[in-house]
Amino acid sequence: QVEPLLFEIGRADTTGVDLDEPASFTPRLGGQERKDAIGLPGLSEPETMRHYVRLSQMNYGIDTGLFPLGSCTMKHNARLNERMARLPGISDVHPLQPISTVQGALELMSELARYLMTLTGTKAVSLSPKAGAHGELCGMMAIKAAIEAKGEGKTRNVVLVPESAHGTNPATAALIGFVVKPVPARDDGWVHVDDVKKLLGPDVAAIMLTNPNTCGLFEPQVVEIAKAMHDAGAYFYCDGANFNAIVGKAKPGDLGIDAMHINLHKTFSTPHGGGGPGAGPVVLSERLAPFAPVPFVRAGKNGLELVEHEQDAPEKPFGRITAFHGQMGMYVRALAYMLSHGSDGMKQASEDAVLNANYIRAGLSDLFSQPFGDKPCMHEVLFDDTWLKDTGVTTLDFAKAMIDEGYHPMTMYFPLVVHGAMLIEPTESESKSALDLFIAALRDLAMSAKKGETERFTGAPYHAPRRRLDETRAARSPVLKWTPPAPMAEAAE
Amino acid sequence: QVEPLLFEIGRADTTGVDLDEPASFTPRLGGQERKDAIGLPGLSEPETMRHYVRLSQMNYGIDTGLFPLGSCTMKHNARLNERMARLPGISDVHPLQPISTVQGALELMSELARYLMTLTGTKAVSLSPKAGAHGELCGMMAIKAAIEAKGEGKTRNVVLVPESAHGTNPATAALIGFVVKPVPARDDGWVHVDDVKKLLGPDVAAIMLTNPNTCGLFEPQVVEIAKAMHDAGAYFYCDGANFNAIVGKAKPGDLGIDAMHINLHKTFSTPHGGGGPGAGPVVLSERLAPFAPVPFVRAGKNGLELVEHEQDAPEKPFGRITAFHGQMGMYVRALAYMLSHGSDGMKQASEDAVLNANYIRAGLSDLFSQPFGDKPCMHEVLFDDTWLKDTGVTTLDFAKAMIDEGYHPMTMYFPLVVHGAMLIEPTESESKSALDLFIAALRDLAMSAKKGETERFTGAPYHAPRRRLDETRAARSPVLKWTPPAPMAEAAE
Amino acid sequence: MRYLPLSETDRGEMLARIGVKSVDDLFADIPKDKLLKAPVDLPRRKGELEVERILSRMSSKNVSASSVPFFVGAGAYKHHVPATVDHLIQRSEFLTSYTPYQPEIAQGTLQYLFEFQTQVAALTGMEVANASMYDGSTGTGEAVLMAHRVTKRRKAVLSGGLHPHYIDVVKTLSEMASDEVKALAADVSGTEDILSQIDDSTSCVVVQSPDVFGNVRDLKPIAEKAHKHGALLIAVFTEVVSLGLLSSPGSQDADIVVGEGQSIGNALNFGGPYVGLFAAKSKYIRQMPGRLCGETVDADGTRGFVLTLSTREQHIRRDKATSNICTNSGLCCLAFTIHMTLLGEAGLTRLARINHANAVKLADALGNVKGVEVLNKTFFNEFTVKLAKPAAEVVERLAEKGVLAGVPVSRLLPGAGLDNLLLVASTEVNTDEDRAALVAALKEVL
Amino acid sequence: MRYLPLSETDRGEMLARIGVKSVDDLFADIPKDKLLKAPVDLPRRKGELEVERILSRMSSKNVSASSVPFFVGAGAYKHHVPATVDHLIQRSEFLTSYTPYQPEIAQGTLQYLFEFQTQVAALTGMEVANASMYDGSTGTGEAVLMAHRVTKRRKAVLSGGLHPHYIDVVKTLSEMASDEVKALAADVSGTEDILSQIDDSTSCVVVQSPDVFGNVRDLKPIAEKAHKHGALLIAVFTEVVSLGLLSSPGSQDADIVVGEGQSIGNALNFGGPYVGLFAAKSKYIRQMPGRLCGETVDADGTRGFVLTLSTREQHIRRDKATSNICTNSGLCCLAFTIHMTLLGEAGLTRLARINHANAVKLADALGNVKGVEVLNKTFFNEFTVKLAKPAAEVVERLAEKGVLAGVPVSRLLPGAGLDNLLLVASTEVNTDEDRAALVAALKEVL
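Keeping their order, the protein sequence lines are chains A, B, C and D.
The opening position of the first sequence corresponds to residue 256 in my numbering, with each subsequent residue numbered one higher.
The opening position of the second sequence corresponds to residue 256 in my numbering, with each subsequent residue numbered one higher.
The opening position of the third sequence corresponds to residue 150 in my numbering, with each subsequent residue numbered one higher.
The opening position of the fourth sequence corresponds to residue 150 in my numbering, with each subsequent residue numbered one higher.
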């Protein structure tokens, strides 16, 4: 199944929209008119439809099968939420309309904020961040602003990051000038407060800790770690990527966090859409609340107000991290999710997610190896590749073989502290029968690998829109856009 | 790819909707409460989504590829039309609301009627019919009513139907008591006025003639035939299944028709939806107009009115053929199509449809045989299986082999008057490059058949969600619903 | 034009390949004087935005059910349809496919039809169901014709509780086919003497329950009498949700069951498209109208589905066919099946209880309004009230107040002397506020 | 709960298989005193209909752009998006897929990203483009950081015509990273002297065209001066439709081009999600932020696409990454690409002409209103007018009259002494009636 690129089937004079040429008029472009052709072929509407429908058919999504990508939380995306996001008063509203004409939008943001603060046990939230990593940035900026406000900006410039952390953590800290110091990994998969304390000093600004962590475990010493940070005059940034495991079960604010981003797309199931858009609101402790960036919503004398400028705020906003007010389209979906589930449903969803992951663990633990022993996990279960030793099959091969069984692979080679990591997150959206089938398929593959049926793995996938793709070639001499083939280029001259 | 039946994965206590149990109350069902279980398993929302998405992936549609099903007119379905059909003032309006609250709906029906009458050159239209065959029924009922009004009900009971006609024509005529007499087929594919005249007499009520006909040809003697019918005191029912070839090129009213149904789903591209719903409004000549059934829209003193009862009409409606007012959901789509195309676009669409069919004819005529010689066709081109003689490949085999090439087969074995008929209708929605690929694929298959590569055909399809299905087995001992397997049935006892 | 892929260059090249000078050479069989010289007298092409504006303007002149307290029923009901349903039926592979003539690449359609048939059979308590009819009313017409084929008799007896539109459809079809119809007078109380109308010339008795006035009818005695005389009982329903709570027609020994399935999965759509449900005892399969989907296997032995028993149908049997029908209401079936799958037995029965509970609440509330009398002893989610004034006027005045109160019986049965009667329906969408609004408005108007 | 497939029976069986007594045994690592005993203090689950009602009520409190004469721009624009776009991006396989980490089953996403990159490169006149940023403003921040990496300098010069929000974003990021920013004063006329700000310490000059006040800027002299000093020119746009009519930043020798792509394919969404376009000269590829999709072949030699050059990225490079970004705006890219495909060059250039023509008509009309002065010599589809009264008040009063007239400059730049200035935008959606309504309302208010 090879679908041509649109540039190979489109024509410069074809268009799939009907627009009437405007009546003649005098342009006011100051002579900056484009003189050259752009080089953008068009397709008629039926051709466009078919082209993109066919492309879609080469994709795998939650709607087509189990998607156990650890840490990515591929849960069901309710279509009610899509419908709500398309209400004209949501999707067809401009961010700079008069405030009197967007009271419903502000109410929605305000309600979302209330839900997020209630679930996390915090006192403030910035809705601005456009994605998880952006939320990290926002949270760390707030920490930096707080440190500077205390006059410690010059001295406190170290951020502690466990080796098992997402790459975004060190990248974010470094982006705004922090020096990153790793907290070493332990063989139980946990971060130990003793290790943290050893690194603490007047130069330490914060720790960035993922909890539940990237090994799928809840950090049992999280409260002690928070206290140690606070005692040392530092802050506790929590990477909320795995918050979905404990929504309704525990409040991060109760655990002592100062800032935590929430991936609305993970925790509250706004669609991942092939890699975005997401949204990463960051909740803040009282200590950080004053530094939240503009804009934010507050109650005013004529209804809800939007504070858009630092000078309009009694607090000390550290600035602005994006134009306008964040990802409204995601807010409405996340709020629809929360309204639908309710407090009871969200708690149940967390429990089911954890139950499902442990059910997979129980179903595979005799065949697969676990880096930190066979103990209960949270919403995702982590295996390593010890059990594949001497089979000639790598984690990558195993993952690709899963494709032939009709499954999207799990997260591979992450966290980095675990050799050949396989991180499986089923989410609460899977039924028991779906899990049973999945476990059976993985067991069958595992037996096959152990029996030495290497070709089933090294050549995989066999049954996918493409066989295994050559990523090295792509990186060595990057081809990042379509170029007309030479004869066509000549003919065009 | 085998997706279980929902009954095999669903559970009686599972539901994908959240409803609160009503507070206790006293039922007023007169003791007719259901005592037994219904036997309807449910699925949660994520499971439902996945189940039906997977089922859809086993389907072929216009959006996924060329769909050259002759006489079925599988043209592009614009999504604008889907959006319009879902406007709250269209989809969320009840047929029995007060007339003052549905003026827009009546305006839409009235506007659709105007478009249909203008395009067909007629003076009346009944929008009631729910599908093409229902439109035939409506038209023939009007003819029957007109005959009875003239006191000829007892004597005029014969309807002439060419052998090449759709099966619905004789079935419809018979349904309301007409005797069907076939007009014999000729070897030029046309109906000859001489043949018709031979059958005419005081017993003949009408002719049912498809034009353009089912051989893909325009009937050149249509005007003479109409005149002959009228001279004999009979009516001319035109099967409008192929009206799409001549929209904007000729008006059936000018050709002398008395009634013609219009398949909105074919001519004006409302989606076929796996076999419906369609809509089959029937236009009527002045002679038949008074007999149109209720309901219909007319201008009144307070805006548009709906005439819903025979006694409210000054005319002589023959009755009612369906509850309510017909297929509003299809009306809006068809009107959106007509507004979008405009008079110029509809003419162009007809021309392109005919051009595309003739282009296929030109591309295949040296390899394929044509029953009536190589002459221009209308919007579809007809081949027979003479050219497959002695290859061991049947029309059916050839069609199934097309599936392996990624195409939906053409219409086969229809019209019945042509041996091993292959009726190809590309529609105006196909690009030249798509047609070139299609022609090349068919030529390759044809060569293959002539070279004796029979297995490619007799075993086809090889690359489809299913291999060839056993239709005989299905008919011999029909299994029309799922039944729990015996052990389950026992366990349930 | 955005829908037409051919460019002028393409057209020129194609004409050359075909070997004609102009496209009109391909229309040469049309008599010269009938070939239009110019586009017809209609506006020229319009962009999307313009079309949207025209149709949105029409739409905005209508009052939508969701925008007001809404109690209109009488054969079409306002229910909440989950968003999943509309999303799924718009999948390209469902929406833009054809009748599944090529089963190897239409298993999606065929499997859901098989699921649909199974669901309808279960709901109605019958042995087999077909792949749907246009709607309940045309299905009822077809059921009568089917009964005539089965019994080889030609006289139908129609209950006075049958929806008047359905009666009209059966009458029109029967008159045209020269079959006999005995339609009983409108039966507001559900107490008509239909048994005495059944004799050895009767082909079928057609009874609706809940009937058009809302009464829940006991079909068992009618079935018994009909069978005694060799006639069939055709049970009709217009509110399929009622089957979640009421004993099935099958359990009352109906021979054919036909009804409107709009309530599940489908919007009001000002009357169409809807989906007719049609089920019967299995011994009558070969006399059934409409499409049937059956299970089979493919060349590899894998289970699959096909359209079957097509020897009943017009494209094979022509004037000997069981019906002239050649489509079903495919996409509406799909919507029905998906919604029913989401509901499941647990959801459907609860939905039915909510509907009934809301109707009971409404009846109690209206019963306390002066000038309103609730006539029904039994009902599901709709009942008849007698007003102190003509219902049509009252409804019109309530509409002006932003309440759509129901269907005046005179709208369905003009001149029947039932002008003060109003049919009032209540489903899960009605809130306490809706009921209060109706009561308040009624008090003002009566 | 409709989204949760497990039944109580399932849960029991699964706990048994796992070998724990209750689900809380799985949460044993949470300190006992922190484990919540009861659901949090929020409402319990709600059915679809109830959720719809709550959110629809909020929605109905906003004035939607399509419902009024609408002239609001300043970085987000109301355009008509064809229905095809929204249909396609809702395809399950697009909507519910993840970042294409497994390219063999994500070719749909990867191919459209490759098409997107090609379209963006063509539009901007640049050699390479990435797979999108969150939006134009964050993209601009990233562009400045990229310039710092390329030039190994840390001072950015920002034009006074750059959107004030974009300036704030760059400033915030730069301050946090201890980089230097020289932001010029607001430049209403587009005539600022930016050239003199460029010296050998300059990393980059950031110039928007059309600028926030609507002026079309000539980038060539700026590029020339920047390059002379070893600095980069970052060209910014907030209205991508302008590229259909204006000479591309690439043709004016910009080094990095970044802009907001919302206008094509994407709704206003009260500010997000949008899609940032990001393109550069190919020699800077390895310093680019964001995802890149590249062509390759599979094991059979068939063309395919993968994410590539990920050694720049955080999941490999961690604190040495070019950016902390790990997503793009995938679905918004898709919408952009589909809309752009529908437009094609013919459609895009015509759309741009219509936008410009409508803005010219509007400027002419407003120029005739007493108390309104059009300030721009040049503009594309947005321009600045000086009113006789403070613009914020005027806009508020016009909103009461049902006309959304534009963005008061004071909304973006409070306290800058530009209170009487109003930014007015006009796109293809504006009709003669819209313009007349604005003119009439302005006459009443001024």
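Honestly, the hints are just simulated from the structure, not real lab data.
No experiment lies behind these values; they were computed from the predicted model shown.
Backbone N, C-alpha and C define an ideal beta-carbon position, used for all residues, glycine too.
Fair warning: there could be bad hints in the mix.
Stated by the list, open to error - Derived, one-sided and incomplete: chain D residues facing chain A with beta-carbon distance under 10 Å: (1) Lys210; (2) Phe263; (3) Ala271; (4) Ile474; (5) Ser478; (6) Val544; (7) Ala586.
As the list claims (entries may be wrong) - List of simulated lysine to aspartate or glutamate pairs, EDC-like, C-alpha gap at most 20 Å: (8) A:Lys405 - D:Glu324; (9) D:Lys369 - A:Asp621; (10) D:Lys320 - A:Asp621; (11) A:Lys405 - A:Glu541; (12) A:Lys706 - A:Asp725; (13) C:Lys210 - C:Asp447; (14) B:Lys436 - C:Asp468; (15) B:Lys556 - B:Glu362; (16) A:Lys705 - A:Asp621; (17) C:Lys301 - C:Asp349; (18) C:Lys369 - B:Asp291; (19) B:Lys453 - B:Asp443; (20) C:Lys469 - C:Asp328; (21) A:Lys506 - D:Asp174; (22) C:Lys186 - B:Asp599; (23) B:Lys506 - C:Asp349; (24) D:Lys195 - B:Asp725.
Each hint, compared with the structure:
Proximity of D:Lys210 to chain A holds as hinted, the smallest CB-CB distance being about 3 Å (cut-off 10 Å). Here the hint on D:Phe263 is kept, as its CB sits about 7 Å from the closest CB of chain A, short of 10 Å. Proximity of D:Ala271 to chain A holds as hinted, the smallest CB-CB distance being about 5 Å (cut-off 10 Å). Hint on D:Ile474 holds. Least Cβ distance to chain A is approximately 6 Å, under the 10 Å limit.
Hint status for D:Ser478: holds, given a least beta-carbon distance of 5 Å to chain A, under 10 Å. Against a cut-off of 10 Å between C-beta atoms, the interface hint on D:Val544 holds, since the closest Cβ of chain A lies about 6 Å away. Proximity of D:Ala586 to chain A is violated relative to the hint, the smallest CB-CB distance being about 16 Å (cut-off 10 Å). For the given pair, A:Lys405 sits about 17 Å from D:Glu324 by alpha-carbon distance, which is consistent with the 20 Å threshold.
With a C-alpha separation of about 68 Å, the suggested pairing of D:Lys369 with A:Asp621 is violated against the 20 Å cut-off. About 55 Å separates the Cα atoms of D:Lys320 and A:Asp621, which puts this hinted pair outside 20 Å; it is violated. The straight-line distance between the Cα atoms of A:Lys405 and A:Glu541 is roughly 15 Å, inside the 20 Å bound, and the hint therefore holds. A threshold of 20 Å between alpha carbons decides the hint, and for A:Lys706 with A:Asp725 the separation of about 28 Å lies outside it, so the pair is violated.
At most 20 Å may separate the alpha-carbon atoms for a hinted pair to count; C:Lys210 and C:Asp447 exceed this at roughly 53 Å. Under the criterion of a C-alpha separation no larger than 20 Å, the hint pairing B:Lys436 with C:Asp468 is consistent with the structure, at around 10 Å. Pair hint B:Lys556 plus B:Glu362 holds up; C-alpha atoms about 14 Å apart against a cutoff of 20 Å. Restraint check for A:Lys705 and A:Asp621: the C-alpha separation of about 13 Å stays at or below 20 Å, so the hint holds.
About 12 Å separates the Cα atoms of C:Lys301 and C:Asp349, which keeps this hinted pair within 20 Å; it holds. The suggested pairing of C:Lys369 with B:Asp291 holds, with an alpha-carbon distance near 16 Å, which does not exceed 20 Å. Between B:Lys453 and B:Asp443 the alpha-carbon distance is near 19 Å, which keeps this suggested pair within the 20 Å criterion. For the hint linking C:Lys469 to C:Asp328, the alpha-carbon distance of about 17 Å falls within 20 Å, and the restraint holds.
The straight-line distance between the Cα atoms of A:Lys506 and D:Asp174 is roughly 18 Å, inside the 20 Å bound, and the hint therefore holds. With a CA separation close to 12 Å, the supplied pair C:Lys186 and B:Asp599 stays within the 20 Å bound. Only pairs whose Cα atoms come within 20 Å are accepted, and B:Lys506 paired with C:Asp349 is rejected, the gap being roughly 52 Å. For a cut-off of 20 Å, the pair hint linking D:Lys195 to B:Asp725 is broken: about 47 Å separates their Cα positions.
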